[in-house]
Amino acid sequence: MKNLLQLIVRFHFTILFLIIELVCFLLIVNNNNYHKTIFLNSNNALSGGIYNKVTSFSDYIRLTEINDQLSKENTQLHNLLSENYKLTADSFFFFEDSLFKQQYVYRSAKVINNSINKQRNYITLNKGRKHGIKPEMGVIANNGVVGIVKSVSDNYSTVLSLLNSRLKISAKIKKNNHHGSLYWDGKDYRRAKLIEIPSHVNINVGDTITTSSFSSVFPEGILIGTADKILPSSGGNFREIIVLLSNDFNQLAYVDVIGDLLKNERLELEKEVEK
Amino acid sequence: MNFIVKNIIRFIILILLQVTIFNNIQLSGFINPYMYVLFILLLPFETPPWLLLVLSFFMGLSIDVFSNTIGMHASACVFMGFLRPYVLNYISVRDNYESDIEQGLYVYGFSWFFKYALILILAHHSFLFIVEVFSFNNFGDTLLRIILSTIFSLTLVVASQFIISKK
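Which chain is which? The protein sequence lines are Z and B, in order. Using the UniProt record's numbering, the first residue of the first sequence is number 1, and each one after it goes up by one. Using the UniProt record's numbering, the first residue of the second sequence is number 1, and each one after it goes up by one.
Any given hint might turn out to be false.
To be verified - To give an idea of the chain B side of the interface with chain Z (calculated C-beta under 10 Å), a few residues:
#1 54
#2 85
#3 131
Stated by the list, open to error - List time: in silico SDA-like cross-link candidates among lysine to any residue, alpha-carbon distance up to 20 Å:
#4 Z:36 x B:136
#5 Z:134 x Z:36
#6 Z:36 x B:137
#7 Z:36 x B:68
No lab work stands behind these hints: they were computed from the structure. We put the beta carbon where it would ideally sit given N, CA and C, even for glycine.
Bound-form chain B, shown alone (with noise of 0.2 Å):
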C-alpha cells in the first residue's frame, strides 16, 4: 500500500511542479520542460500494463487540463507508458528487476537510469511537438524543440533523482 499512496502524492506533487512552475517555463520559445514524465518513469516495475497506460493518459490528461491542450499530453504520455515495457526489457540489467522496487537512480547506477530516462523522454517530447505542430512543415524547428526541450527535461529528471537519494 506503502507505494501507491507514494505514487499518488508523486502524482499530484509533480502536477502542481508542473502547472505552476515549468509550464511558465518557455525560453525562447523553443525550450518547454515537461518534468511531469518522472511520474511515468518511476511507475513501479510491477505495474500492470494496461494500468500503466491508464495512468499515463490520466497523467498527461490531468495536464491538459491545466494547459488547456486537451489531449496533447494524454496522447504523448500514454505513447511514451506504450513504449516503457519495450524499453525496459531493451536495457534490462543482468537480472531480472526486482519486484516491489521503483526503479530510481539509486537502484541500478546512473548510465542506465539515465539511458531508460532518455529514450523516453525523447519519445514523449517528439510525440507531444509533433502532436502539437500536428504537420511536418518545418521539421527543422520541431526537431529543435524536441531536442531542446529533451535536454532540459532530462536535466530537470536526474536532478530531481539526485536530490531525493540525497534525502
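The following block holds chain Z by itself, in its conformation from the complex (with noise of 0.2 Å):
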C-alpha cells in the first residue's frame, strides 16, 4: 500500500496526464457525433473481430462432438441407402437347371403385427395371396424359424407363430440328428422345449437344435435355437430339453416365407403309402 501511494505520488503528473487525456476522450466521443459513430463503428470491428476468434476456437474445441454426430447422421444415412432393403416386390426367379431342381422359394415380407405374450400368439404379415403365399408354408426370419402361415387374404396372411401352444414343429440335434418334436409351454417367449429326445442321446447343454428334414414345412437345417438345460424326463424313456430360441419374437420385423415347390409331390406320395 505504501508503494502503491509512493508509486502514485512519484507518477502522479503522468498518472494525472492519463486521467485528463482520458476524460477528455470520453467528452469528445460523447459530445461529437462524428467521433462517437467511428468509436461505435471500431469497436464493434474489434468486439466482431474477437468474437470470431473466440467462435472458431469454441468450434475447433467442439470438433469431437461434431466429429460424432457427422458419423451418426453418416450411419443413419447409410442405413437410408437402398442396398440395404429388401425388396418388398417379389423378384425371385425360378432357376431351370437339369442337375439341381429348385425346391425352394423365399419371399420376403414385412412383420405389421405380433405378439408375444399370449398363449396362442399370432403374427401378420403384409404380403398374401397376390404374392403367391399359401396356407402351411414356413417362415423364417434371420436368426431362424418363425411359424408357420395359418390362413391367407389377398393382401395379408396370418402366421402360427412359435410361441403358439398349438404349433408343434420337427426338430433335430443338430450334431447327431436325433429328432424330436419342440412346441412351445406359454412360459418364457426366449425358450421352448423339445421332447421326444431318447434318454440315451448324447446332449450337452449348448448344442444347435435346427428343423428336420422331416417337416415338409421348413428346409432341413434352419437354425431353432440351443439346448439350455436338460430335464430327465420323469420315469420315460425321453427327455425334455428346454431350447433358447435364436430369434427374439419381440423384435421381428422382417421375414422370408418359405414356398416348398416339391411339396404337394410329396404328400401325396404319402399320401398313397397310407391308403
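Make the complex out of the two chains shown on their own, each in a separate frame, by following the hints.
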C-alpha cells in the first residue's frame, strides 16, 4: 500500500495526464457525433473480430462432438440406402437346371403385427395370396424359425407363431441328427421345449437345434435355437430339453416365407402309402 | 500575486482573441491558427505540474465550448502541458531556469523561445488535428494541415512576443 502510494506520488504527473486525457476522450466521444460513430464502429469491429476468434476456437474445441454427430448421421444415411432394404416386391426367379432342381422359394415380407404375451400368438405379414403366399408355408427370419402361415387373404397373411402352443414342429439335434418335436409351453417367450428325445442321446447344454427333414414346411437345417437346460423325464425313456430360441420374437421386423415347390408331390406320395 | 492576475487576464484575452478572430481564419481549409496555446507557453516555470495539466485542460475546454468541439482542444492542450516540463528540460539553458520569471522571448533569447514554441505547438497541433479526423486515412492531408497551421500559429505567437516586448 505504501509502495503504491509512493508510486502514485512519484508518477502523479503522468497519471494525472492520463486521467485527464481519458476524460477528454470521453468528452469527445460523447459530445461529437462524428467521433461517436467512428468510436462505436471501431468498437464493433474490434468486438466482432474478438467474437470471430472466440467462435473459431470454440468450434475447434467442439470438433469431437461434431465428428460424433456426423458419424451418427452418416450411419443413419447409410441405413437409408436402398441396398440395405429387402425388396418388398417379389423378385425371385425360377432357375432351370437339369442337375439341381430348385425346391424352395423365399419371399420376403414385413411383420405388421405380432404378439408374444399370449398363449396363442399370431403374426400378421403384409403379403398375401397375391404375392404367392399359401397356407402351410414356413416362415423364418434371419435368426431362425418363426412359424407357419395359417391363413391368407389377398394382401395379408397370418402366421402361427412358434410362440403358439398349438404349433409343433419337427426338430433335431444338429450334431447327431436325433429327432424330436418342438413346442412352446407358454411360459417364457425366449424358450421352447424339445421333447421325445431318447434318454440315451448324448446332448449338452449349448448344442444347436435345427429343423429336421421330416417337416414338409421347413427345409432341413434351419436354426431354431440352442439347448439351454436338459431335464430328465419323469420315469420315461425320453428327455425334455429346454431350447433357447435364437429368434427374439419381440423384435421381428422382416421375415422370409418359404415356399416348397415339391411339397405337393411329397404329400401325395406319402398319402398313397397311407391308403 | 501579480503573475496570477496577469495569467488570468491573459487567459481571458487569449480566449476572446481565439474565438472572435482566429477561429474565423480558415484559409483553404488547411490553415487554422490556434494562438491561444500561448497561454500554456507563458505559464511560469514554477507552476506545479498538476496545476499545469489542470490549467491546460480548462484552457482547451474553454475553446471547445466556444467552437463546439468538446474535448478536442482540451485533450490537445493537456498533451501539450504534459510535454512542457520535458521540453523545458530538453532545451534548458546553461543555468537553471530562474524562478518567478515567465519565459518570454526576451528572457532567454529568440532562438530558445522559437525552439520551445515550435516543439510544443507542433505537438499540440499534431494531437489536435489527428484527434479531429480521428483516423489515419488521408494522413497526408492531416500532415499538411498540421505543418501549415503550425507555421501560422508559430508566426502569431512569436509576433505577439515581439509586440509585447517592445511595449
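Checked hints:
Annotation: residue 54 (chain B) was flagged as interfacial toward chain Z, and the flag holds, the nearest CB pair being 8 Å apart, inside 10 Å. With a least beta-carbon distance of about 7 Å to chain Z, the hint placing residue 85 (chain B) at the interface is held under the 10 Å criterion. Residue-level restraint check for residue 131 (chain B) holds (minimum Cβ-Cβ distance to chain Z is 7 Å; threshold 10 Å). About 16 Å separates the Cα atoms of residue 36 (chain Z) and residue 136 (chain B), which keeps this hinted pair within 20 Å; it holds.
With a C-alpha separation of about 87 Å, the suggested pair residue 134 (chain Z) and residue 36 (chain Z) falls outside the 20 Å cut-off, and the hint is violated. Annotation: proposed proximity of residue 36 (chain Z) to residue 137 (chain B) holds, straight-line Cα distance about 17 Å (limit 20 Å). About 15 Å separates the Cα atoms of residue 36 (chain Z) and residue 68 (chain B), which keeps this hinted pair within 20 Å; it holds.
In the structure shown, a violation is registered for the earlier hint numbered 5 alone.
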